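**Student:** Going by the working numbering, the residue at position 102 of the sequence shown is 102; the numbering climbs one at a time, nothing skipped.
Check each hint, because a few of them may be wrong.
Unchecked claim - The following label-pair restraints were derived from C-beta to C-beta distances:
{"hint": "1", "residue 1": "Ser129", "residue 2": "Asp152", "range": "31 to 37 angstroms"}
{"hint": "2", "residue 1": "Arg99", "residue 2": "Glu130", "range": "41 to 47 angstroms"}
{"hint": "3", "residue 1": "Thr52", "residue 2": "Thr84", "range": "19 to 25 angstroms"}
{"hint": "4", "residue 1": "Asn27", "residue 2": "Ala54", "range": "25 to 31 angstroms"}
Bear in mind the hints are in silico, worked out from the structure with no lab data behind them.
This one's a predicted model, so the numbers in the text were calculated from it and none came from an experiment.
Positions of the beta carbon are idealized from the N, C-alpha and C atoms, including for glycine.
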Amino acid sequence: MQSVRHRQWKQKEIVGISGILTDEEDNYFERSFDELDVPDSDRIDPSKADVTEAFEDLLIRAAVQGGYEETLAVLVPAEWIYLTWATTPSTPPETVYLREWIEIHNTPAFETFVEWLRCELDKYGPSLSEHRQRRIERLFCRTVALEVEFFDAAYE
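All chains should be built: construct the whole structure from the sequences, respecting the hints.
**Tutor:** This is the structure:
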């Protein structure tokens, strides 16, 4: 059984690694917002689609109410979906901000991060009680469902 200290350290490890990877995304969003003339008010306090709010709530609840494995259960499918999407062969979009979004998620560093997340979930998941394993499965499936809904909403 993992100690609380060990799990907290592992959660901090996720935050640290994802922080390094998302630094590039922060800059990307700022430049894309400039290109799209997104007003400051929408950058600071954007209105959110229902699916965005639901996904945000799921992430926060998994991290705060759960533990390391619950955090993994929502991060693995979300990041894995982006990796799969970005590495699927296709013609890159001509629009710079669309092409760059794909490039951010199609790097060896991102692929390594996603593989590490998957290995962590595979490593710790089987040692959990049946109750927690079901909880992890529900979180994983809910994340996939919200990602599908999020992508569908983008095309509406």
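**Student:** Looking only at beta-carbon atoms, does the pair arginine 99, glutamate 130 fall within the given range of 41 to 47 angstroms?
**Tutor:** 45 angstroms, holds
**Student:** Quick check: does the Cβ-Cβ distance between threonine 52 and threonine 84 fall within 19 to 25 angstroms?
**Tutor:** 21 angstroms, holds
**Student:** Between the beta carbons of asparagine 27 and alanine 54, is the distance compatible with 25 to 31 angstroms?
**Tutor:** 27 angstroms, holds
**Student:** Holds or violated: 31 to 37 angstroms for the Cβ distance of serine 129 and aspartate 152?
**Tutor:** Holds: the Cβ-Cβ distance is about 34 angstroms, inside 31 to 37 angstroms.
No hint from the list above goes unmet by this structure.
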